[in-house]
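*Asks:* Residue numbers (numbering that gives the first Met the number 0), protein chains in the order written: chain A, 0 to 243; chain B, 0 to 243; chain C, 0 to 243; chain D, 0 to 243.
Derived by calculation from the structure, the hints in this document are not laboratory data. Here a beta-carbon is modelled for each residue, glycine too, at the ideal position from N, C-alpha and C. Any given hint could turn out to be false.
Capping the alpha-carbon separation at 30 Å, the derived lysine-lysine pairs in DSSO-like fashion look like this [to be verified]: (1) D:LYS149 x C:LYS117; (2) B:LYS205 x C:LYS39; (3) C:LYS151 x D:LYS4; (4) A:LYS39 x D:LYS39; (5) D:LYS39 x A:LYS4; (6) A:LYS117 x B:LYS205.
Looking from chain A toward chain C, a few residues come up when the C-beta cut is under 8 Å (computed) [what the hints assert, rightly or not]: (7) GLU59; (8) SER60; (9) GLU227; (10) PRO229.
Ranges of calculated distance between the beta carbons of each label pair, as one might list FRET restraints [said to hold, decoys possible]: (11) D:LYS4 x C:PRO119: 35 to 43 Å; (12) C:SER42 x D:GLN221: 28 to 36 Å; (13) D:LYS149 x C:LYS205: 52 to 60 Å; (14) A:ASP206 x D:ARG100: 34 to 42 Å; (15) C:ASP106 x B:CYS233: 26 to 34 Å; (16) D:ASN187 x C:ASP35: 52 to 60 Å; (17) A:HIS62 x C:PRO119: 50 to 58 Å; (18) B:PHE231 x D:ASN187: 26 to 34 Å; (19) C:ASP106 x B:PHE231: 52 to 60 Å; (20) D:TYR28 x C:HIS29: 31 to 39 Å; (21) D:PRO209 x A:ASP206: 30 to 38 Å.
Number of protein chains: 4
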Amino acid sequence: MPEKKLRVDFMAMTPDALSLIYAAFRQCYHAGFVADMWPKLLSGEIDPQVQADFVSKTMESGHDSPIEHVSMTFAVEGISRACSHQIVRHRIASYSQQSQRYVAENDMEYILPPAIAKIPEARERFESFMAEVQSAYTDLRDILVAHGRKSKANEDARFVLPQAAETKIVMTMNCRSLHHFFHLRCCNRAQWEVRAVADRMLAICKDKLPAIFANGGARCEQLGYCPESPKFACGKYPVRENLA
Amino acid sequence: MPEKKLRVDFMAMTPDALSLIYAAFRQCYHAGFVADMWPKLLSGEIDPQVQADFVSKTMESGHDSPIEHVSMTFAVEGISRACSHQIVRHRIASYSQQSQRYVAENDMEYILPPAIAKIPEARERFESFMAEVQSAYTDLRDILVAHGRKSKANEDARFVLPQAAETKIVMTMNCRSLHHFFHLRCCNRAQWEVRAVADRMLAICKDKLPAIFANGGARCEQLGYCPESPKFACGKYPVRENLA
Amino acid sequence: MPEKKLRVDFMAMTPDALSLIYAAFRQCYHAGFVADMWPKLLSGEIDPQVQADFVSKTMESGHDSPIEHVSMTFAVEGISRACSHQIVRHRIASYSQQSQRYVAENDMEYILPPAIAKIPEARERFESFMAEVQSAYTDLRDILVAHGRKSKANEDARFVLPQAAETKIVMTMNCRSLHHFFHLRCCNRAQWEVRAVADRMLAICKDKLPAIFANGGARCEQLGYCPESPKFACGKYPVRENLA
Amino acid sequence: MPEKKLRVDFMAMTPDALSLIYAAFRQCYHAGFVADMWPKLLSGEIDPQVQADFVSKTMESGHDSPIEHVSMTFAVEGISRACSHQIVRHRIASYSQQSQRYVAENDMEYILPPAIAKIPEARERFESFMAEVQSAYTDLRDILVAHGRKSKANEDARFVLPQAAETKIVMTMNCRSLHHFFHLRCCNRAQWEVRAVADRMLAICKDKLPAIFANGGARCEQLGYCPESPKFACGKYPVRENLA
């Protein structure tokens, strides 16, 4: 019944990612077949910096569909069900999430919101409640099993599990969808938890594929201003009205 | 803090739905322009039964993309967060869901699983726990507000809310996506709650657009056999191995 | 074998569209169930102008997913296969297109590009070539039929049909996808033909649902500046670098 | 102006594909975090055959979403514009296609349908027509350039290019979308050209990832019967009515 911390692990990325994106961009404008150019891309005969520069420049002009050819897969643990519910609303993505129907929560772990952690009184109330949750879950499971509902006991007992209950998820998004995810979820207006997930994913993306994610993040990072209405702006960048 | 019952309301459907689907099918194979045929479809000069028969026959041959032109919108209340989390995994759909960040749960309603409702001991345990939830939520909100976290109090206090917490959602799916939803969620293997939602939606669909949904439902309803492996089959239809 | 002109017909829109979008927006932030508010929305008891203002304001703050609940269906004729190939690249949409496999082109109609129409010499060359196309198509069909390939004669003879060959398509997009379509295709950098289609669709959308489409169109119409790099900018709006 | 033959090149696949799919499946039902199991999967400490068997069995029970985590990228040349128009109708995929607006067709290559190739009279008519196409394209480009339309000359001249005109495309699909593609396009009812593309892609998939694609192909390959109506059945498998 302990608190669980966020962990975001990189699992996989389409190989030769930059070259693949470069090849896809080139195929749009090139008379030849990029498969013929592919060995030169892989061998480095075509300088990776040249590839990166070409891709950056073309993306700046608004043509970003070729970055879809590369996908990234992450394994995430230490997030609440509240957070996973937000994540799976992103529809251009693939998810495999731990099931509360199949996995019993005999030792439920939970996410402790930082604002609650900082206030001793709140933290105490929260933690004592988590103990009550575990007890209610176990009691209900036992009762259901005792009444011959063994195969469905998890499924029904989980109704008492909190939004704070920890979950794990494997998620795959292509680079274009990742950029969109970061636009929304790295914004200071996003909820703290999904923002923490997005920030970790973005750091991995910047590390693995800098040519594509160098200026990734909330919309303001690309725009140079905040697209929100002034009353919601966080102040990191000026709002558009104050640009000039 | 009462129990809340499922309610599925029909909100909207693309108008002249059968004619629209018929027109879309016809456009694929017809030399003329269906917009020229449209007035005759709307006036009934082309018999609706003829339209329905044509559509059914073409769908049977596996050509079902034209039914995507018609969408249905439902408003659903009285479902748990566990259930809504399952629903929004269907990605070819649009959702607007009540936010626990914006709406305070001062009088939280909840979903009581039928299997728990039937066992007095379980029901009592469940209901007394729901009272504890309300109390923990209110306490945490108060503490957060007292510590100057008013604007984020809902957002963090909701971590104690249970999967059972009632939610409301407006959802739109096109007919092809609806059929897929019913294939998975009307199956007896689906969880009871999402199956109840799917069954209500299917009843509305059959009523509003019988030509498209007459044989809607779990896969077995169209196949005439159960596509699951024998150990999971519910027995309503024979499994494929036992067909002959 | 005549030239064919563009025609874009409105076929259907989700009924009570503004109210449906308003209801979906409200459900996100509202404690009650929007289905209970629905009759008041339909009766006008809640002023449509209030609904429109609420929706516009919320969209401006970047929350636009509820407009997905409303879809529009158009029937388009008088476009080339080149144009339809561009249109169907928009993936959040549904299409039913006239098949060249099923429909014989015994009197092929074609699209004449305006730039060619304006130069007599070019127009003459184009039109005489279209006559050659018809003749090649008919010859090939006849040969294939004479060699016992009747059922596949259209399918193979159509390989000689030009990109200019006229096609017809029924298309459905939700309002969010429509906005995206207009962002790209109403831009002066888009190809003239798909821009003409997009402009007609936009005019219909503005007429049918002004609260949602009032400032629809190319990105610049919402941004107040051109997001393209300076060398591609058309001049209608200043580029971002020149904003201040 | 020569004929061009189909070529389908494998470009990329998500690395450690089987293990990634296995890990995603396991995360759904497993109490632990698959990232902790990942090194054992990569090192082979968990036998690849065990992984393959687990995945096959789970897929058979109808749970196939985890195979979405793996994508394949192909480069295709030697297909007609007719064929690419069919391919891009598959919406759960990413495409980068050679542009006829940017690439001049000074030496247009084309696809010769096999049925036409087999009939000398048809072949001759087809080939002489392709020469006419090249001549019309070049004439129109020259006229447009002479009239000051250089930058748009390709864009407008291409209206005379035939459906047979060769195109090149880079395409990425995840494994679930690939299976769907094969269901439709490997069927003997599919058009010969897109079927040839699908067959090549399937052969690559079977080679690269046999655990996922062993029984890939048209629907009949999984079902053991033909799901088409009897009048369209090719005879490779019995239709359902004749199963027993």
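*Asks:* What hint numbers does the structure not satisfy?
*Replies:* 4, 6, 10, 12, 13, 15 and 17
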